[in-house]
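> Chains W and V, in that order, give the protein sequences. Position 78 of the first sequence, counted from 1, bears residue number 78 in my numbering, the numbering being contiguous throughout. Position 14 of the second sequence, counted from 1, bears residue number 1014 in my numbering, the numbering being contiguous throughout.
Bear in mind the hints are in silico, worked out from the structure with no lab data behind them. Using N, Cα and C, we set each Cβ at its ideal position, and we do this for glycine too. Be aware that a few hints might be false.
[Stated by the list, open to error] Footprint (simulated), chain W over chain V, 3 or more residues, beta carbon under 8 Å:
1. 1001 to 1010
2. 1053 to 1066
[Stated by the list, open to error] Some chain W residues flagged as far from chain V (calculated, every beta-carbon gap over 12 Å):
3. Val23
4. Glu24
5. Ala30
6. Met31
7. Gly41
8. Ala72
9. Glu105
10. Gly129
11. Glu140
12. Asp150
13. His160
[Claimed, not checked] Just a few of them, taken from the derived set where beta-carbon distance is under 10 Å, the chain W residues facing chain V:
14. Trp21
15. Leu68
16. His73
17. Gly77
Read off the chains here:
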Amino acid sequence: MTESSDPLELRSDLTFLRREWMVERLGWGAMLVLIVVAALGLFGGGPLSRSDARSEDGVLRVDYNRFLRVTAHTQVGIEVGSGGVEDGQVQLWVSHEYLHGADIESVLPEPSSETTSAEGITFTIDVEGTAAAVIVVEVEPTSIGPHGGDLGLVGGSSVHLSHFVYP
Amino acid sequence: MDMVLRALAIYLFLLLIFRLSGSRTMAQTTPFDLVLLLIIAEAVQQALLGDDFSVTNALVLIVVLIGADIVMSVLKEHMPLFEKVVDGSR
Chain W
1 MTESSDPLEL RSDLTFLRRE WMVERLGWGA MLVLIVVAAL GLFGGGPLSR
51 SDARSEDGVL RVDYNRFLRV TAHTQVGIEV GSGGVEDGQV QLWVSHEYLH
101 GADIESVLPE PSSETTSAEG ITFTIDVEGT AAAVIVVEVE PTSIGPHGGD
151 LGLVGGSSVH LSHFVYP
Chain V
1001 MDMVLRALAI YLFLLLIFRL SGSRTMAQTT PFDLVLLLII AEAVQQALLG
1051 DDFSVTNALV LIVVLIGADI VMSVLKEHMP LFEKVVDGSR
């Protein structure tokens, strides 16, 4: 039995314990920062993440989330001004670069036709009236990391969307 | 934003519900209590995750829940009345 000045023979190392408590408190601080930052949208879905892309001529305006999580669906809202509507139709194209790493779950309204070309996939959507058309595309990211691509109107303006996808 | 709020809402709701149900003697769980616990866990998982199976989502949720637990324990330490209300007088 080792000689010990402590009558209870406790094997507590006070210096280590104090350091441990300090690390614990720092950990709590880090957790609080993480929660606040997550609530603000750093990991998707909040003011930090909401982004707005406009085309140069102002015809196209896209609302999207900059920060995404893999497998979590996100909605991309595309507003096409009356300048983008031709013969009651909007021809929206999405580049292959964007589609590589993200699945398009749905396009609302349902496009009347979908064609593919070297640049990307073109959706033809019927529009009623001459006011601005709003199209909602539901996207599911499938690969982690930075992800982006172009989206635009055939023969017209385009915007570049860039996301960061968390694992 | 809603990840954090959902986790907090479910944590507080479960706390409230279990407190109200009067099952303070958790040591004496009958098979029925176990079944209830299992089914509640399933329902909660669906509500928390939804269609989001990312690691980030799970980690943030866990941090929020543990954080809520820490806040509760700190409050219980400093306010005896709070401790009595939440834990019951034993």
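> Which of the listed hints are not met by the structure?
Going through the list in order, the structure violates hints 4, 5, 6, 7, 8, 9, 11, 14, 17 and respects the others.
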